[in-house]
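Given the coordinates of chain A, assemble chain B onto it according to the supplied hints.
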Amino acid sequence: MGLRSIPGEHGNVNTVFAILYAVATVVLVAGLGFKIAQYARTPAPLKIPTTPAPLTPAGAAFRVAREVVVFESLFKANKALWIFAALFHFGLFVVLARHVRYFQEPVNVVIQLVQPFGLYAGLAMMAGLGLLLLRRIVVPRIAYITGPSDILMLLLLLGIGASGLAMKGAVHTDIVAVKAFFLGLMAFEIRALPAEPPLLVHLALVAVLMIVFPFSKLLHVPGVFFSPTRNQCDNPREKRHLAPWAAKLEAGGN
Amino acid sequence: MAAFETPVLGNVEERPIPALVPNATNDLKCFVAAPAHQEALGFPGELVPDWQAKAKARMGDLLSKYRSLQVFMDSCVKCGACTDKCHYFIGTGDPKNMPVARQDLFRSVYRKWFTPAGKMVPGLVGAKEFTRDLLDDWYNYFHQCSQCRRCSLYCPYGIDTAEVSMAAREIMDSIGLGQKYCNEIIGKVHRIGNNLGLPGPALEDTLLGLEEDMQAETGLDIKIPIDVEGAEVLLVTPSADFFAEPHVLGLMGYAKVFHAAGISWTVSTKASEAGNFGMFIGNYDQLRKIAGRVRTAAQELKVKRLVFGECGHAWRVAYSFLNTVAGPWDFLDPRYPVPQHILEFTYNLIKDKAIRLDKSANAGKILTVHDSCNIARGSRMGDFPGGQFHIPREVIKAAVPTFVDMHKDTICEKTFCCGGGGGLLTDELLEIRVKGARPRMEALKQVVDDHKVTHMASMCAICKAQFTKVLPAYGFDREMVVSVHQLVGDALLLGNND
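Line by line, the protein sequences give chains A and B.
Per our numbering, the very first residue in the first sequence carries number 3; after that it's consecutive.
Per our numbering, the very first residue in the second sequence carries number 12; after that it's consecutive.
Extracted from the complex, chain A is given alone in its bound form (with noise of 0.2 Å):
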C-alpha cells in the first residue's frame, strides 16, 4: 500500500479519487442509461409470459416485484442457492442503505435507523459471496459454467466487503472527513479524504465496479424489469399484442 507512504502527496490522491468517481460515476449511469433504453426500445414481438402467469399488467408487475425481492423463481430452483443468494443481495442492500448517510445532510432517518445492521448485514454479505465462491469451486455442474469473470466478480465484491468491515472493525476511519469529501465531489468541490489504505482500496474497488457494471452480469439488475417471461400478463386472447415491426409487415402485404 504505496499511497500512505507518499507523504505530500495526498493532494494528488484527493485529485485521484475524485478523478475516479466522476469517470465511474459518468460510466455507470450512461452505460446503464444505454442498456435501459436499448431493452426499452427493443419490441416484445410475442407472448411469451411463463404460465400460469397474472392475467393482468398489475398481476404481472407484482410477479416481478417478486422476483426482485423474494427471488420467487430461484426460491423453487434451489434452497440453497437462494439462502445463498439473499444473504448476499439483503446484506448488501441494507450495507448501501447505510451509507446514503455520506452523500446526505441531514441524514433520512430511515438511514439513521438503518445504522445498527451494518455489520451484521456486512458479515451476512460476505457469508453470502463465500458460500457463492464456494459452490463455484466445488460443485461440479457450477464450475463447468463458471468463467473467469464470474470469480473476479466475486472476489471484487469480497474486497469491498472485506476493506469495508476492515474500517468498521479494525482500522478505523475519518468517516466525517470522507462524508466531506462525498458531498464535496456532488458540489464539483475536490476536498480532503483520508489516505488510508484500507478506505483506498474500498473507494477503489467500488469505482472498478461501477465501471464494470454495464458490461457485464450485473446487467441482471436491470434486466429481471424487462424480461417478457416475468412483467408480460396472460391476456394474448382478450388483446391482441403486435410489436412496430410486425405491424409494418403486416401493412406491406407480405
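No wet-lab data here; the hints were simulated from the structure.
Nothing false has been slipped in among the hints.
Some chain A residues judged to face chain B by a derived CB distance under 7 Å, without partners named:
id: 1; residue: Leu48
id: 2; residue: Lys49
id: 3; residue: Thr53
id: 4; residue: Asn80
id: 5; residue: Gly149
id: 6; residue: Phe217
id: 7; residue: Lys219
id: 8; residue: His222
id: 9; residue: Gly225
id: 10; residue: Val226
id: 11; residue: Arg232
id: 12; residue: Pro238
Stretches of chain A that chain B covers, calculated by requiring three or more beta carbons in the stretch to come under 8 Å of a beta carbon on chain B:
id: 13; region: 133 to 145
id: 14; region: 244 to 254
Note that CB positions come from ideal geometry on N, CA and C, so glycine has one too.
Relative to the frame of chain A, chain B by itself:
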C-alpha cells in the same frame, strides 16, 4: 444409428442429478435439410461461403427485434439454478444440455460480436469466435432442446432457453444450415396442407373410413365433416389425429362430442394441420404464413368459432400467438374465446350438462395425465391461471373411475417434456428422445408401482407419438398412452341427446 443404453429408472423422490459426462451426446446430429427443403422456405440451400458475416447480421437483426433475446443474453449470472432442470441433461449428463451451457453456445458468440467486454477481454467473459466447430455444437445442441421452457420457470430472470434455441435455429436457417425434419415438414404444410403430407382426397377417404368405424361401433351416424361451409365450428387439429394411434381415437372422441352436443362443425383441407413448426425454427414469417392458413380457412368456410384439437405446441401458437400473427378475429362470434381448446369446449359442455359421460365405460382403467410442456408453460385454458392443469384433469375425472397424479415435481408447471418436442420427433434422434424421456418415465413408474396406473392420458400429438415410441424402451406397453378425448369418446352417452 449406434446402439445405446436406455437409462435405468431411479426413484423420483430422490431426484438424482447425473454426474457430468462431457460430449455424451456430441455425436447426436439430426439430418441437415437438403437444398430443396431449404429453398422452398426461402433459405439458402446449403451453408453459404460467408456464413459468419451472414450469421452476425442475422443475430444483430434478431437482437433488435426480440427483447427476450437481448435481455436474456445480458442477464444470465451463471447461478446454475437451471442446471439440473432439463430432461435432456438429466437423461444424458452431457453438460452442454444444461440450459445455461446450451445458451452459452449462443452467448459466447453474442459477446464476441456485440459486447465491449467480449471484444476487449474475450477470455475473461467467455466470448468466442464463431468457428465451424462451434457452429457444429450449435447445430447439435440447439436440436437437443425441445423448447419446453422448464428452465425458464426456475430462472430468477425468467431466461427462456426456448427463445435462444429458436433464435439459433433461425440464424442457422439463414446461413443455409437447416434441419431436415422441421423444414421438410413446413414445406409439406405449404405444398399439401399438413405436416404429414396427406392430400385433400386422401384425407376425405380417411375420414369416411373413420365414420364407418364409428357407425360399426355405435350404430350411429357420427360425421367428421370436411370443408362444410357455414358450420358453427372450425376444428383445427394436428394431422396425426387423422390416422396415427392413439391420436385417431381422440379425433373420433371429438366427433362424438360434437355429435352429442349437436353443434355443427367441420375440419378443413386448407387448414388440415394445427401444428406450426414455424415456432420451432424461430421464424416469424413462417409462423405467420402457417397461421394464416387457419384464418383463410375460417373466412372461406364462414364459421363462427375456432377450436383446436389436442396438440401442445400448436396450442401454444394458437393461444399465445394466433391473435398476434393472424388476428384480429373480429369476424368470429365474440361470445367465445378465439381460439378455444377442444378440452375447454368439452369441459364447458360437461359442466353445462350438455353432454353426459358414464365412467363405467372405462372401468378397470387407472389414469394419470402427462401435462404437455407447451400447454403447461406456454399457454392457458379456461379463465384463470392454471386452468390448463385443472380442465384436462376435470375432463379425465369425468370420463374414468380412478385418476392419480404423478409426483408433484413432474406435473403442472413443473412438468417434464415427453422428450420429443420442439422438432426432435425424428428417428435419427431416437437416442436423445429415449434419454430425454427418463424423468417422465421415472414419475410414471412410481404411479404404476404404487397406484397400479394403467394408462397415461396425453393432450399433445407429439407427446402421443413420442410415448408410443419410447414407452417400450422402458418396459411399458406402448398402448399405455391414450388421448384425453379417446377416454371422453368411450365414456360419452350418445343417442339420448335431449
